Amino acid sequence: MAPWTEISQPRQLPTWLKSFSWPFTIVALLLLYAWAMAGVEFNPLLIFQYGGKFFELMGRMWPPDFSPLPHYWRPLFQTLQMAILGTFFGTLMALPLVVFGSQLVVRSAWVYWPVRLLMNVLRTIPDLLYAVLFVVAMGFGPIAGVGALSFFACAIIAKLTSESADNINPKPIEAIEATGANKLQVIRYAVIPQILPAFLDHTLYVFELNVRIATVMGYVGAGGIGAQLTTALEWRNYPQVMAIVLMIFATVLLIDLIANRIRDALVHGVIFPRALRWLGLGVVAGLILWSASSLEVNLDRLIAGVGYFNNLVGAMRDPNFEYFELAVQRMIQSLQIALVGTTISFLLSVPVGFLAARSHTGVPIPLALVFKQVPNTIRAFPELILAIFFIATFGPGALPGVLAIAIHSIGMLGKFNAEIVEKIRKEPVEAIQATGASRLQVFRYAILPQVLPEFLALFIYRLEINVRAASVLGIVGAGGIGSLIVEAQGLRDWGIVGVCLMVIIPVVMVIDFFSARVRKRLIEG
Amino acid sequence: MKNILSIKNLSVVYPGVRPVTALENVNLDVSAGEFVVVAGVSGSGKSTLLRAINRLTENDRARVTGSIAFEGKDVLKASRRELRELRSYIGFIFQEYNVVERLPISTNALTGTLATLGTWRSLWARFPKDRRESAHRALERVGIPLPRHSDRAGRLSGGQKQRVGIARALMQKPRLILADEPVASLDPITANLVMNIFKKINEEESITTIINLHDPVLTFKYGKRIVGLKQGRIIYDKPIAAINRETFEEDIYGTVDGD
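Going down the list, the sequences are from chains A and B. For the first sequence, this note's numbering gives the first residue as 1, with consecutive numbering after it. For the second sequence, this note's numbering gives the first residue as 1, with consecutive numbering after it.
So here's chain A without its partners, still in its complex pose (with noise of 0.2 Å):
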């Protein structure tokens, strides 16, 4: 026996348990599945079978009734207008958030753990559970989405400039600090230069998204053009409804390419010019200012909103403990809604992913480009107009739920898996093509454990998202305990929701903590 075989190998497990951790994480794996999927009641011969009564209805929708088409100007401008208003009023929010949470800024962790925990509840809520939330303390109309998303956007944008600050470059910091500049001016020359570029970023990004999440609040009486999708729904107009969704589509569509150009300017660093700057501040302020006259926020109104707050806290401050069981049981069916969801739609996302990278992959370019705007396309449909699609077609139930977030999550998976492909590095692609090995050699030990990490990554980023998602997709009857949260707002039973938010908050808590430590034993490796 050769020497090199003996000598012991440190950090490694046992080699007995070695051989048996391949079969038991497959069979723990198989398990999982066949639990997740018996809750959510997937069934691949129902979708086969009722499958063609989604195209029915695609059928019937047809063609658009475009006729009241002025009646519903307003309520699409509202809707801009809510996104605007809740994207400022979160940004504001969230700058003192970022400040504080910041170890650059602050030293003192009894400063920014608290306010990182705050963070971290605040971005537990999903999105139409603050519009829940917001309906019940300020009553229904737009005033109540501009809350929610207000809500929603300083949760995020919070939570990604923190971390856009925590991977700043510390050497400027030293280096400005060493000039004997003090804490302000060393937060005005070394952290805000080197943030600002992101935190544009995220702002925009969050803008993107609540457009989105405010065609839909509607549906639980929020304002916006939501209203006009439920009545629709309700009197079983469809060829409205397709008018509405392709008027939807289209605004998500044109704000996101609209975004998307400034962000990538952005992220490449394009300097803009100081006359293009003051413009955009312009017009960003007077987008702000038609917003709010529009909608009727003043000062009044904003004071009013905070007793509104203390009439939400007092109406759950005792929560409805005998619904305590019920809403696990939901909560674990949301588990399993976004597990098996996120699972369908990574296995049809990594084909997309490579078949839209423009490099490596043989690709012909056209076809790449083609391929790229399969995940944009998808992506602009919300993924609760998408769920109220598939509830028409199979009914009530979990499985809407699934093959919504199925749907929606191909959008982010396959661009950014295609952005993962995009970016590995070629020298190694070369080295192994250099000793003669096949395409198909290539691809498994250059290209694949290059891509393979950060794929896994991605998915486990987006269970973490689709959790959130599932939890409020009950909320137009597709399963989980979203349908907890309408019973009980049916009910005016606001004790329910106290104790939906008692399941949500630390299980969603508990599931990103985990998330992020499992993603960043991946990349890191």
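No wet-lab data here; the hints were simulated from the structure. Remember, predicted model here, so these are calculated numbers, not experimental data. Misleading hints may appear alongside valid ones.
[As the list claims (entries may be wrong)] Negatives, chain B to chain A, calculated, CB over 12 Å:
#1 S6
#2 S11
#3 V41
#4 A169
#5 I197
#6 D251
#7 I252
[Said to hold, decoys possible] Below, computed lysine-lysine pairings styled on DSSO-like, alpha-carbon distance capped at 30 Å:
#8 B:K200 x B:K73
#9 B:K77 x A:K426
#10 B:K8 x B:K129
#11 B:K230 x B:K8
#12 B:K2 x A:K426
#13 B:K73 x B:K8
#14 B:K2 x B:K129
#15 B:K230 x B:K2
#16 B:K199 x A:K426
#17 A:K426 x B:K230
#18 B:K173 x B:K199
#19 B:K77 x B:K8
#20 A:K520 x B:K77
#21 A:K372 x A:K159
#22 A:K159 x A:K426
C-beta atoms are modelled at their ideal positions from N, C-alpha and C, and glycine is treated no differently.
Guided by the hints, dock chain B onto chain A, whose structure is given.
For chain B alone, kept in the frame of chain A given last:
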């Protein structure tokens, strides 16, 4: 002596709005067992020359004309399958090491044997035992101690990554080694250690070796035959003993003092 490599009228053009001619009418014969250093400044065409020999220039969409005969077979006319076979006989070493950082060191070395491993087996990384053992031997030979072989390649320093790159080439049992600026990213001491590995391989197994170097010190220390490239043309091709170092340096690198 028999020529292992015979290059005739080789020209390489990178197309684009302004096409760049990287090599023009290059002729070069290398006989088995030689140790050739290709000298020249950045942009003189050294990399293009080596990359053309195993057709990596295809990755850069370069237009290659002329002929390159490796062991009598024309590389430029080879089919995909023949090209893969030719490549498996030629070990290529890169300036940036080009190891797959997420794979274990031993697997990186084993990738040198992919051309002769069935597709199905290679999908599951089922490398035969004798290959795994010879990978350990190759890695130890280039100075990577056994306890590290299961580490990820990303954890290694630059010099160690280059050793893995050499081990991968050795696993191919190459008849020709092409090394493109293998030590340009390394400190002088490590650079000498790595150059010594090439020298030893050439002397012990008489594997024909062609190395690109831009550093005149290393060129004269290790080269046995020196080919000087300037602006895509060969302007020198002599055994080391026949070269006047001073005029050579002036011709190849220009005035070193800068005045």
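Taking the hints in turn, this is what the structure says about them:
| no. | hint | verdict |
| --- | --- | --- |
| 1 | S6 | holds (20 Å) |
| 2 | S11 | holds (22 Å) |
| 3 | V41 | holds (22 Å) |
| 4 | A169 | violated (8 Å) |
| 5 | I197 | holds (17 Å) |
| 6 | D251 | holds (31 Å) |
| 7 | I252 | holds (27 Å) |
| 8 | B:K200 x B:K73 | holds (28 Å) |
| 9 | B:K77 x A:K426 | holds (25 Å) |
| 10 | B:K8 x B:K129 | violated (42 Å) |
| 11 | B:K230 x B:K8 | holds (18 Å) |
| 12 | B:K2 x A:K426 | violated (36 Å) |
| 13 | B:K73 x B:K8 | holds (13 Å) |
| 14 | B:K2 x B:K129 | violated (36 Å) |
| 15 | B:K230 x B:K2 | holds (27 Å) |
| 16 | B:K199 x A:K426 | holds (28 Å) |
| 17 | A:K426 x B:K230 | holds (28 Å) |
| 18 | B:K173 x B:K199 | holds (16 Å) |
| 19 | B:K77 x B:K8 | holds (14 Å) |
| 20 | A:K520 x B:K77 | violated (48 Å) |
| 21 | A:K372 x A:K159 | holds (28 Å) |
| 22 | A:K159 x A:K426 | violated (33 Å) |
The structure fails hints 4, 10, 12, 14, 20, 22 (numbered hints given earlier, in ascending order).
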